[in-house]
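Add chain B to chain A, keeping to what the hints say.
Same order as they appear, the protein sequences are chains A and B. Going by my numbering, the first residue of the first sequence is number 4, and it counts up by one from there. Going by my numbering, the first residue of the second sequence is number 273, and it counts up by one from there.
Incorrect hints may have been included.
[To be verified] Keeping only pairs whose Cα atoms sit at most 20 Å apart, straight-line, the calculated SDA-like set for lysine to any residue is:
#, chain 1, residue 1, chain 2, residue 2
1, B, K461, A, A40
2, B, K322, B, A344
3, B, K461, A, G21
4, B, K461, A, W27
5, B, K461, A, N5
6, B, K461, A, A14
Honestly, the hints are just simulated from the structure, not real lab data.
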Amino acid sequence: MNILLFLIPLALALGLLGLVAFLWALRSGQFDDLDGAAHRILFDDDPQDGPGQP
Amino acid sequence: MTAETAGFDGAPMPSEGWTHCRHCGEPITDDCCAAGRPGFCCVGCEGAFKLVNGLGLDRYYERRCLDPETRALKPDTDPDAIPDYTPHVSEGAQPGEAAVHLLVEGLHCAACVWLIERLLTLQPGVTHARVNMTTRRLTLRWMPQDDRDDPATEDRGARRILDPVLAVGYRLVPYDPAALGRDTDRTEKALLRAMAVTGFAAGNVMLFSVSVWFGGDMGAVTRDLMHWLSALIALPAIAYGIRPFARSAVTALRAGRANMDVPITLAVLLAAGMSLWETARGGPHAYFDAAVMLLFFLLIGRYLDSRARGRARSAAEHLLALGSRSVTVIEPDGSARASRPERVAVGATVLVTPGERVGVDGTVASGVSDLDTSLITGESAPRRTGPGTRVFAGTLNLSAALRVTVDAVGERTLLAEIVRMMEAAEQGRARYVALADRVARLYAPVVHVLALGAFLGWWLGAGLPWQDALLIAAAVLIITCPCALALAVPVVQVIASGRLLRAGLFLKSATALERLREADTVVFDKTGTLTQGRLELCPGGPDAPGGGWGWTPDDLRLAAGLAANSRHPLARAIAAAAPGTPALPGVVEHPGAGLAWDGDSAGPVRLGSAAFCDAPADPDGEGGPELWLRRGPGTPVRFRFTDTVRTDAAAVVSALKARGMAVELLSGDRPATVAAVARAAGLDTWRAGQTPADKVARLAALRDQGRRVLMVGDGLNDAPALAAAHVSASPSSAVDVSQTAADVVFQGERLAPLLGALAVADRADRLVKQNFALAFSYNAITIPLALAGQVTPLIAAVAMSTSSLVVIGNAMRLSRREPVGLPAQEQAA
Chain A
4 MNILLFLIPL
14 ALALGLLGLV
24 AFLWALRSGQ
34 FDDLDGAAHR
44 ILFDDDPQDG
54 PGQP
Chain B
273 MTAETAGFDG
283 APMPSEGWTH
293 CRHCGEPITD
303 DCCAAGRPGF
313 CCVGCEGAFK
323 LVNGLGLDRY
333 YERRCLDPET
343 RALKPDTDPD
353 AIPDYTPHVS
363 EGAQPGEAAV
373 HLLVEGLHCA
383 ACVWLIERLL
393 TLQPGVTHAR
403 VNMTTRRLTL
413 RWMPQDDRDD
423 PATEDRGARR
433 ILDPVLAVGY
443 RLVPYDPAAL
453 GRDTDRTEKA
463 LLRAMAVTGF
473 AAGNVMLFSV
483 SVWFGGDMGA
493 VTRDLMHWLS
503 ALIALPAIAY
513 GIRPFARSAV
523 TALRAGRANM
533 DVPITLAVLL
543 AAGMSLWETA
553 RGGPHAYFDA
563 AVMLLFFLLI
573 GRYLDSRARG
583 RARSAAEHLL
593 ALGSRSVTVI
603 EPDGSARASR
613 PERVAVGATV
623 LVTPGERVGV
633 DGTVASGVSD
643 LDTSLITGES
653 APRRTGPGTR
663 VFAGTLNLSA
673 ALRVTVDAVG
683 ERTLLAEIVR
693 MMEAAEQGRA
703 RYVALADRVA
713 RLYAPVVHVL
723 ALGAFLGWWL
733 GAGLPWQDAL
743 LIAAAVLIIT
753 CPCALALAVP
763 VVQVIASGRL
773 LRAGLFLKSA
783 TALERLREAD
793 TVVFDKTGTL
803 TQGRLELCPG
813 GPDAPGGGWG
823 WTPDDLRLAA
833 GLAANSRHPL
843 ARAIAAAAPG
853 TPALPGVVEH
863 PGAGLAWDGD
873 SAGPVRLGSA
883 AFCDAPADPD
893 GEGGPELWLR
903 RGPGTPVRFR
913 FTDTVRTDAA
923 AVVSALKARG
933 MAVELLSGDR
943 PATVAAVARA
953 AGLDTWRAGQ
963 TPADKVARLA
973 ALRDQGRRVL
983 MVGDGLNDAP
993 ALAAAHVSAS
1003 PSSAVDVSQT
1013 AADVVFQGER
1023 LAPLLGALAV
1033 ADRADRLVKQ
1043 NFALAFSYNA
1053 ITIPLALAGQ
1063 VTPLIAAVAM
1073 STSSLVVIGN
1083 AMRLSRREPV
1093 GLPAQEQAA
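The following block holds chain B by itself, in its conformation from the complex:
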């Protein structure tokens, strides 16, 4: 193993040359040897590799497995991208200790956890550094070091300690641990504790119960001793374990409703009370084991349910926390200061560097640049921006620094408006009632009536003492109590969401699977959803359609040499079309116009907009993004671009149609572009130029036709539509607002996970219904027995546990077999 990772200076170069960066694992496009950094895609990666090697941690590279879905481990070249940790540094556990909580972005596998913890513990002063791989949170505590000037710095040395981790390429985003899912954690832990206590009690009570059931020659005194011991264990455990149900039952009763927790609480308390009474008078039957076991099974269901929800929620919170970045405010005296976007005052000036997202709504005060507005408008071609242009939070600055005067903050931004639209649209969906709740609504009254009927029937009808009649009623409640019913849905959901998580899909809402199954219409957004949201060069030699402006391979090479100097998406698309072309020196970028190069013997070269290159503007009226290249006095040539459709878009659309679903395309882009994408994806129905409100209106129209729409979108302009749809999905490249609105977030370059989700939803629905059928058929057998007063504690215990186990076993089938339509995940190298 040492031969291939012997260190950056001693490693032999593979015979075919370095094809992938030795640090981040991304393909290398240029000749890195010629650029003086063999084996690395950029200088940042080379530095990171040297840092890791220098600290003797190079085994990291042997041990890691890169996850293609996670952000590549590229160090941020832009120092502004690193947040200010000062406001988040808090007091540690010991006096004088400082602590900070961070979310780690770029965690690929367990080796990353190891590397981060090592890098941090190697820093002087660090007392505790631990990464939680499940939640991707890092807790760091350290003693500020006097000899490193830590107490003098504002952040007490946080940046000094975190710098190596940042340099390797992880992004560390501070968060407030109090705000992030503390409540969920606490309820989940309380449930787990209650589960442990009742599980212990159930096991030990069973010890006595079994001896009572099968100890045929047991004397009455020994039996009473067993019952008393059972009571001793069961009663405290019941008192502890019943609280989650009792609380919910009381809340429901106060609101004048009956939920499933009312019969549960009633059954457990009644059974425990009656058994205690039976024990006191020396009776033969005590139901302590049934009561405790019932609680134990129900708590398992409750815990699984809470876990599934909590996991989905923490994924969403994680995404949101990562989205909040700071903006750079320019003070009147010219100094720069980082601030949170919501704290910026109207009228202030904000600096937006290239590659940064605009954090506020405002007007450009100075600077000319190109903005990628695709998240707001759905348009894939960048927009020219100069003084006076209105810009919106969420757009990406591409070519040059801009100074923006803030027009609106907080509630008055476009973003806030879209969030309001979203909330309004969501109202409709909040009325959706999960299948389990619908069943419970019908079931709970039936159970109560049956138990009351049994009591009255045996007491008044058959003349039994009221105590015995009450015992029979308690048995009815125990038997009908929905152990299996309470497990039927959560078990399936937990297994399904675990399945989907492994396939790169987050389920964000508990009812998403149910709603996904009901969908009969799919509405796609264009940019970033059906397409990759990335421009690619159209093929077009001299003979290609497009008049006399076709380009030759020589033109492309020259253009790529110029384009390698720019971050503009069109320039990047050209550079990507001619991989390996070295950047030409001395190229000047004119923001919002193009690139100029003094050139060789053939004269100066320009690459840019039609006006910049003195070319005819839009000669055939097709619109669409284009770049012109003019070499000296010669005829300009034109490069045209298209936003490529995701590789499997057409296959997924036809598969959706094969499922009998109607598929539509709604886009904010121009009709010509939308039509081309619709053709490529095999869609017949499309609408172009849709505003966010239009999209919501279209969804409302579909709903009025009785359709249940699955909306798939990624942009800010899709967020209200995502919230309005019956169920919605977003790629993980979507804006945070859209991901929050969506029920399902899928990762990767392909749309096929959607089909996988639909397939899993179908199977999950089948299993849930089977589970209900199993639970009900069990009830059909046992309820008559209970009503007849024939259910002894033994029968109750056996019936209850078998039905629960059958339901769990049935749900497990979901995890065993590979469902149809879910494509195999590409494995990491």
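In isolation and in its complexed conformation, chain A is listed as follows:
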């Protein structure tokens, strides 16, 4: 059962990573405009004059 000592922290760390990533996404405003983000990708396709946002 010694494998548990390794697997449990690993599982928890991975879960925690997901949580932190979600909270970061929430904080950085990625959940503010769910409709716009889906469409925005279709328009930001010309890199020579930069994407739609500065």
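Only chain B this time, still in chain A's reference frame:
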């Protein structure tokens, strides 16, 4: 793709000519080639198209899809319509940076977002420009540029930067981000964070729980380790996730009531506490997973609920913010100054240009014009206005500039009075209790009694140690806790409002669907609701009824040539009846009277009121809007107009009757007009000449008869009635006050969305009741088990998640099938 949008100068003209404007997509009525602007409905659109092309953004036209329900992308020709951004410019994130928050009106699709952001980032100095498509808000930050004289201007260059966007035809209305739904956003985000934390905890605790449940040969030491690890994850998550419920439970208990949050809080805390105690003494059963999962499911329900409400509210706020426009005050020295309507002093003079809404209550000091008062009185024909006439905020000035002396502002205006009436009427409706709350009121005490009974029964009755008895009581609380019950209503509501939103209906209140289903009587307003609020020429050749004043097609063409010069609704109706007639040059408009043209060989031509054309006033006493045309010394001819009934009004009325609903018409207009509309729509019951107070009284009378009324109206005069009705709906063309009062706002030219809303309300109600039935039947099985002390953590977890999933799955059925009666939306070109 490049061939058809190769640029405004190189684009080949379609063989049938341009039928729709290349910029705004509206049909072109005149011969635009002859007018020197091929492909465009007006000069503004041509300029906008050239601007977009000149900046190399012409791909916009390929990519966009126009939404027929959104305002057409026509540039404002009237410079007064553009608000003053100065008071709303604030400091940006960096030193020296300026920022402004705006609501965008005219956003059709994602291509519009792209175009606006591009137009803005192309301006020198702009550091951040982003449009939120969901909330239609634009955040703009820029560094004022010295070489553009920005620091010298009052608005620090806001107008310079925003001008291209305005020129393309979007309307940008500043708002105060602090005032607009900041609280809702914050609670919603807090809920989402709590949901994430408990979701994480639930998943990871389950990892240990499953190994405890199924690890049959697990030693006691390993099991305790698992329990301790579970506690380590669960306890902080519970402490974080319980706050929304605990807060509400404490508030309820302080007020001496018990709401659904009391058993929830109690169950979670009790389960966590007992499990910790079990873990400490090395017992076999810990309920950490159940407690966390319970919180997770409940937070999902709470979040969905808050989202549905928040979305409805932000739609309403958006409408309100767009409604607030400034008025132009004329100072004693003759200079003009823009001001907010509530800041204008009594006695000040306000200038109202044609096409502008009157912003204050007052008396006309100088100028003669026609006012469209339909929003106030419900009358569709415009009213003559001259010096001395009283005018009210909300009326639309049609033909000439007016100077108005302000009589009343703020609390003493007609508008404020109507708002007061509305608030009084709303008192009655505030007492409505949502179905979920009614269930909770019955359910919460039952749960408490059961849990207490289990504890006392096992402790005193069966002689169990009190700790074990308490554990059983906690299991009862967990099992009865209304996961499924808490999800039953919000899930259905979120899906239903999403459905309706896609069909062009905003649900503005959380209980609107429930109340909509209960409605058994429909009361319509006339102008703008049953009718389109727009006058159209009645057919009437020389042989048509109406005496010897019938008109010929030649008359119509001549009249249309004159009428094309005016913004008066009757003139527009004539011009619309003869599309493609070019405007005659040299036509003089006499405000409040008519149009005069020097004419050709046949002598001068006049088009206007009976007096203006020397015609007999109202020869057959029918009243109603009319225009006369007199050519030289000849006999005048008469054009009559009617406010056209919405195309599907009769169909909707008969469908409502088929549902077994009584349908009535209440209007402020004259009896003859109202009777004609009632006939056209197939209504038997109608009342004319109703004041706002009459309408409220009629609704009160209906309520006293035990009827539940769905009121549909758009005018300011309907607002109190809308607030007084059991449930109410407004078209999106309604005044802002009415839209605020209404529970449902529907878009488009048709009334059919109402039927769709009723159908969705029926289905939603069925699903909610099914969900309750599912939740209760689950309880019926599990409560006896819990009372018997047979519920292990495994059973609790399985029962709880299946019941929640069943309820969610059942609600999803609403989004799958097209409900009956909801017409297919017309697709954009």
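Tested hints:
1. Using a Cα cut-off of 20 Å, the hinted pair K461(B) and A40(A) holds, with the two alpha carbons roughly 18 Å apart.
2. Distance restraint check for K322(B) and A344(B): the Cα-Cα separation of roughly 18 Å lies within the 20 Å cut-off, and the hinted pair is therefore satisfied.
3. In summary, the hint linking K461(B) to G21(A) is supported, as the alpha carbons are separated by about 18 Å, within the 20 Å threshold.
4. Taken as a hint, the K461(B) and W27(A) pair is honoured in the structure, with Cα atoms around 12 Å apart against an allowance of 20 Å.
5. Distance check on the hinted pair: K461(B) and N5(A) sit about 41 Å apart at the alpha-carbon level, beyond 20 Å; violated.
6. Of the pairs offered as hints, the one joining K461(B) and A14(A) is violated, with about 27 Å between alpha carbons and a cut-off of 20 Å exceeded.
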